[in-house]
Amino acid sequence: MEFVLNELCDLENILALPGLQEMTPDLVGAVLEEAGKVASDVLAPLNRQGDIQGARFIDGTVVTPDGWKNAYLNFIEGGWNSITFSEDYGGQNLPYLVATAVQEMWHASNMAFGLCPMLTQSAVEALFLHGSEELKKTYLAKMVSGEWTGTMNLTEPQAGSDLSAVSTRAEPEGDHYRLHGQKIYITYGDHDLTENIIHMVLARTPDAPDGVKGISLFLVPKFLIKQDGSIGERNDVRCVSIEHKLGIHGSPTCVLSYGDNEGAIGYLVGEENRGLAHMFVMMNLARHAVGVEGLGIAERAYQQAVIYAKERIQGRPAGVKSGDRISIIHHADVRRMLMSMKCEVEAMRAMVYLWASAFDQSARHPDRTERQWQQQMVELLTPIVKGWCTETGNKIAYLGVQVHGGMGFIEETGAAQHMRDARITTIYEGTTGIQAGDLVGRKLLRDGGAAANLMTAKMREIEPSVQSLPEFQKVYSKALDDLAQATGWLLQVGTTNPQLPAAASFSYLELWGVAVGGWLMARSALAAQAKLTQSHAEADFYSAKIKTASYYAAHVLPTTAALRHRIIDGSDEVMALAVEDF
Amino acid sequence: MKILVPIKRVVDYNVKVRVKSDQSGVETANVKMSMNPFDEIAVEEAIRLQEAGTAEEIIVVSIGVSQCQETIRTALAMGADRGILVETDQQVQPLAVAKILKHLVEKESPQLVIAGKQAIDDDNNQTGQMLAALLGWSQGTFASRLQLADGRLKLTREVDGGLETVSLSMPSVVTTDLRLNEPRFVKLPNIMKAKKKPLEVIPMDSLGLDTASRVKILKVEDPPHRAAGIKVASVEELIDKLKNEAKVI
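Residue numbers (the working numbering), protein chains in the order written: chain A, 1 to 582; chain B, 583 to 831.
Hints in this document: simulated from the structure, not taken from any laboratory. Idealized CB from N, CA, C, for every residue including glycine. Relax, there's no trap hidden among the hints.
Derived Cβ-Cβ restraints for the label pairs, each shown as a range:
(1) S535(A) to V797(B): 25 to 35 Å
(2) P470(A) to H685(B): 50 to 60 Å
(3) E33(A) to A611(B): 14 to 24 Å
(4) D66(A) to D704(B): 35 to 45 Å
(5) Q303(A) to V599(B): 15 to 25 Å
(6) S164(A) to A611(B): 58 to 68 Å
(7) A318(A) to L760(B): 45 to 55 Å
The calculated DSS-like cross-link candidates involving lysine-lysine, where the alpha carbons are at most 30 Å apart (straight line), are:
(8) K614(B) to K310(A)
(9) K769(B) to K37(A)
(10) K37(A) to K614(B)
(11) K689(B) to K777(B)
(12) K37(A) to K777(B)
(13) K137(A) to K775(B)
(14) K779(B) to K37(A)
(15) K137(A) to K769(B)
(16) K531(A) to K602(B)
(17) K37(A) to K778(B)
(18) K142(A) to K769(B)
(19) K775(B) to K136(A)
(20) K37(A) to K142(A)
(21) K531(A) to K777(B)
(22) K598(B) to K37(A)
(23) K37(A) to K602(B)
All chains should be modelled from the sequences, with the hints used to inform the complete structure.
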């Protein structure tokens, strides 16, 4: 973690950005250390309990798994909920880069738990950016501290990926609105961890235009707040059931019913009809956060696979017929899986942290041009981080099961849970298909390839130095050529045939993921190389970095050629069959 | 009342230690280091006494390399008030540690020293006892419960036969056992605050104490591997083996 923060993400300069100087690099180590203790001593031991017992719906309320409440108290008392928030509302004001490393630990140790503070964070961002002073004064400090949690209410049964179909009604009544409708898939929509829950809800006012331009954002508390700030009456919003899911059993996924009686009281956040635009500001953060989940689960699955592979004794070395049996980590095919897991986890981590570093700089860098470039990078990387890191996270969790062999298929081992928990990450907060569409439509075609070309040029900067890395020297430039060719082709066909870019989008997202991963792994190898020439300290660590990057260059990076082919020569084939032929 | 808490930076308890190839000790390069767990309990106990209003100031002391400052910062983030590092690159053995601590006790005049009963790296279990002897103070080792009343210390000790309760005069040296308390998690804002707390660094040589090693380490090696078990044919054979081979009866 610290290697990526320091060598690839320029931690020192991030901490020196205006408004962040409270934090110094040596404190970051202490923060990660203490977060690590909470993750491994408090959250990790509950992960399996959460999976087995799950959140339960009893007598109209949600009960979280045993131990959850105590862990949550520990978590908020430690100040971990407020890590990135403004000091004005009691936050710690740490950069996203540091928060991302900490979040990786929450998700690696217990993703089902980590979702609760993650959703609160989104709700806080929404309120902080768009809420009126009065709303902020009433709600923000308690949400920052974690005394109250927050939720995001977008989806309705008929409005999933297509939010234009949202039909929850909000009727004005004095200084507030009355909401009626049903929201589904609400993570931590109800629970027993805190005395109040603050819902951020998308709904339509009576005379709002159709489609996405008629959606507004409302704050709806579970319990209304009295003038003096104390908890008042129960609002007319109720959890009517929770879902039975493939994974993240500890996290309650709720169906919320608004306005079964007199209508749930809600307060407008931001402007009427601008709800979706307000949401989009947080969308980048939320999508990145899901990318962090993909990384966290992958890291956990990898660690567990390594431990098992070192312990499990089976067979003898290839070509040896007698003597001691060996642990399976000595077998080449097991090693292949572990290397594949390790190198992609490292690539994901570098990418996820890079995004966070770009996010911090886009918000705080003193130079305007630099801020703009970092913002472009954030926009371009968001669907890649979300799409690639969650797809790859699933692949790694799958390999984690495979390393365990038969034991991996047995729930007791725990490897299967990671696979089930990871499965949601490619779906919620916009499926991989939605991310791929966002990448091609909004991030590539809309600006005529400007950001994509800048990024590719940035990645080309290290071409001369990768010549010193044998495995990268063979494939690095080719990979960037594949990316440039695919980009050029999409820009060319994009204006004439809208079906082709859509058909190519998934492969294009993967191509970006693999290429950006290759860029960062090459940089990591170069940084390690430089360290090794300086001194012998930690030589094992740095040479492992180089070997891991070389594996990526030899096994992952060459797939760009196939992806380019799929995009340029294969996109026609996607829609070739008529619907009746299926 | 002032409390002094000595803390040691050791190889983290989660790390599987490896013997150095030259058998001169265990590998500490590139190994995660952290506060000795018994010392964490000592810091926690001091903070609880402070929170209860019994103690005014908590001073943590570490002896060792410059990186021990990180360990001291952890104790400060837990709640200790200030830190002292007696800096040296040399290996310091219990007697030397006790002498240095005696020097600091005379300088800072605490009424109570709470130390871990032993450090998990060398498991000596000597420093607290030696310090008490050098100071001529009372000592209470392996504490699982500690209460202050009427200027005396009521202490429950974990002994082989069970629990022993003793009453000690003050000032006193107490060493902690595992069950004394459960150390707290550090709060994020306190990590920031700890940075601003005073931490004094004193070079060990400047103290003019005799810190030379009295014990020479000849060799460090892995414990022997357990040999595979055998089946015995009769009770007689078992007894014979227990008597003559294992020599346990």
